[in-house]
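Trainee: So the chains spell out like this:
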Amino acid sequence: MTTWHVILIASAATLALKLGGYLVPAGLLERERPARIADLLTVALLAALIAVQTLGAGQAIVFDARVPAVIVAAALFALRVPFLVVVIVAALVAAGIRAFV
Amino acid sequence: MEERDTSTGRTTVLRDSVGVGLATAAYGISFGALSVAAGLDVWQTCFLSLVMFTGGSQFALVGVLASGGLAAGGSAIATAALLGIRNVVYGMRMKPLVDRGGLAQRIAAAWITIDESTAVALAQTDDRAARRGFWLTGIVIFVGWNLTTLAGALIGDALGDTRAWGLDAAAAAAFLGLLWPRLKRFQAGAVAVAAALVATLTTPVLMPGLPVLVAALVAVVVGWFDLFSRRSAS
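Order-wise, the sequence lines are chains A and B.
Here our numbering is used: position 95 in the first sequence is 95, and no number is missing along the way.
Here our numbering is used: position 89 in the second sequence is 190, and no number is missing along the way.
Any given hint might turn out to be false.
[Stated by the list, open to error] From the structure, some residues in chain B lie toward chain A, with a derived Cβ separation under 7 Å:
(1) Met153
(2) Ser158
(3) Ser168
(4) Ala182
(5) Val190
(6) Thr214
(7) Ala272
(8) Ala273
(9) Trp281
(10) Thr301
(11) Ala320
[What the hints assert, rightly or not] Distance ranges between label pairs, derived from CB positions:
(12) A:Leu8 / B:Met308: 21 to 29 Å
(13) B:Thr226 / A:Arg98: 48 to 56 Å
(14) A:Ala12 / B:Val321: 22 to 30 Å
(15) A:Ile61 / B:Ala205: 43 to 51 Å
(16) A:His5 / B:Leu223: 31 to 39 Å
(17) B:Lys285 / A:Pro82: 17 to 25 Å
(18) A:Ala12 / B:Gln206: 17 to 25 Å
(19) A:Glu32 / B:Gln206: 27 to 35 Å
(20) A:Ala78 / B:Arg201: 38 to 46 Å
(21) A:Thr2 / B:Arg201: 33 to 41 Å
(22) A:Pro68 / B:Pro197: 43 to 51 Å
(23) A:Glu32 / B:Arg207: 24 to 32 Å
(24) A:Trp4 / B:Ala252: 16 to 24 Å
(25) A:Leu8 / B:Ala224: 30 to 38 Å
Derived from the structure by calculation, the hints contain no laboratory data.
Heads up, the beta-carbon is just placed ideally off N, CA and C, and yes, glycines get one too.
Work out the full structure: start from the sequences and follow the hints.
Mentor: Structure (C-alpha cells):
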C-alpha cells in the first residue's frame, strides 16, 4: 500500500458517507440509539487521538514536552481562545521546552 | 426575532456564515503543516482538503500515519472513515432543505455537508435562511480551507525538523480543539476520559493506529446502553 492508496481509499470512504446521508431512508439515524452512538463515536475517536498524539512514541508511552503543551492548550480552549492561536501556542510551548531544557 | 424583516435576516445569515467560515478556514493552515510533517507531500495534502474535505477525518488520517507510518495505513483509513460517520447524520438532517436541483448541485451539497455548514443551517429560524446559511458557510470554508491548506503545506515544507517546532504537540492541541465543543454533556466527558485511557493503555501492546480504533468501542458500549446519561455537567 502506498500513501496515495491510503489517501484515495480514505477519501472515497468519507465522500461515500457524505453522499450516503442523502441516500439512506430518512429516520434510520434519527432513531435515538444510532444517533447517540454516532455522536459519541466522534468524541471517543478524538479523545483517543489526543492521548496517542500526546503520549505515544511508536509503541511506547512517554511524558515529554507535549504534555505541558497540551495542558496549556486545554487552559486556553477553556478561556475561549481561537483554535489557530491555541495550536500555535501549543507548538511554541513544546518547541521552547525542547530548545531550553 | 420572529418578525424580523428579510434584510436583517439576510445580514444575520451572512454574518454567521462568513464568521464561522473564516474562523474554520484559518485552521487549514495547521492541517497543511501537520500533513506535510506526517510525510505527505503538498499534492497529497491538497488532495485531502479538496476531496475528503472534513477536518476531523483529515487530521486523524495524517495523525495515524505520522505515528504508525504506512504499516498503519489500514487503521488510518478506518479512523478517518469512522470519524466521517457523523456526516451521514448531517446529510439526513440537511436533505429536506438542500437536496434539490440538478445532480451536480446535489453532489455539491453532499460534498460540503460538514460540522459547520450543518450547524449554521440548523441555527437559522426559517428554511430559506437555513438553505442560504448552509451554502454560504460551506462555500466560504471550501475555498478558504483549500487555500489555507496549501499555505500550511508550504510552511510545513519549509520548516524541516517538525519536532523541533513542536508540531507534534500542535497536532494534539488540534484534536483537543475539535473535541472541546463536544464536551458539554457529562456522558460525552465520560466517554472522552475512558477512550483516552483505553488508547493509552493499549498503545504498548497493539500496532500503532489500532489503539484509537479499540477506544472507539467505548462509544459503542456507552451509546448502546446509554450509560452516564442521567447526570449532566453543571
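Trainee: Quick check on a hinted range of 17 to 25 Å for Ala12 (chain A) and Gln206 (chain B), using CB atoms only.
Mentor: 21 Å, holds
Trainee: Return holds or violated for the Cβ distance of Glu32 (chain A) and Arg207 (chain B) against the range 24 to 32 Å.
Mentor: With Cβ atoms ~28 Å apart, the hint holds.
Trainee: Using the Cβ atoms, figure out if His5 (chain A) sits within 31 to 39 Å of Leu223 (chain B).
Mentor: 36 Å, holds
Trainee: Return the status of the interface hint for Ser168 (chain B): holds when the least beta-carbon distance to chain A is below 7 Å, violated otherwise.
Mentor: 6 Å, holds
Trainee: I want to verify a distance hint. Is the separation of the beta carbons of Trp4 (chain A) and Ala252 (chain B) within 16 to 24 Å?
Mentor: 23 Å, holds
Trainee: Using the nearest Cβ pair, does Ala273 (chain B) come within less than 7 Å of chain A?
Mentor: Because about 4 Å separates Ala273 (chain B) from the closest Cβ in chain A, which is inside the 7 Å limit, the hint holds.
Trainee: Range first: 17 to 25 Å. Now tell me if the beta carbons of Lys285 (chain B) and Pro82 (chain A) are that far apart.
Mentor: 19 Å, holds
Trainee: Lying within 21 to 29 Å: is that true of the beta-carbon distance Leu8 (chain A) to Met308 (chain B)?
Mentor: Roughly 22 Å apart at Cβ, these two residues keep to the hinted range, so it holds.
Trainee: Pro68 (chain A) and Pro197 (chain B), beta-carbon distance inside 43 to 51 Å?
Mentor: 47 Å, holds
Trainee: Verify the interface restraint on Ala272 (chain B): the C-beta must sit less than 7 Å from at least one C-beta of chain A.
Mentor: 5 Å, holds
Trainee: Are Glu32 (chain A) and Gln206 (chain B) spaced within 27 to 35 Å by their CB atoms?
Mentor: 32 Å, holds
Trainee: With chain A as the partner, please determine if Thr301 (chain B) meets the hint condition of a C-beta pair closer than 7 Å.
Mentor: 5 Å, holds
The structure fails none of the hints (numbered hints given earlier).
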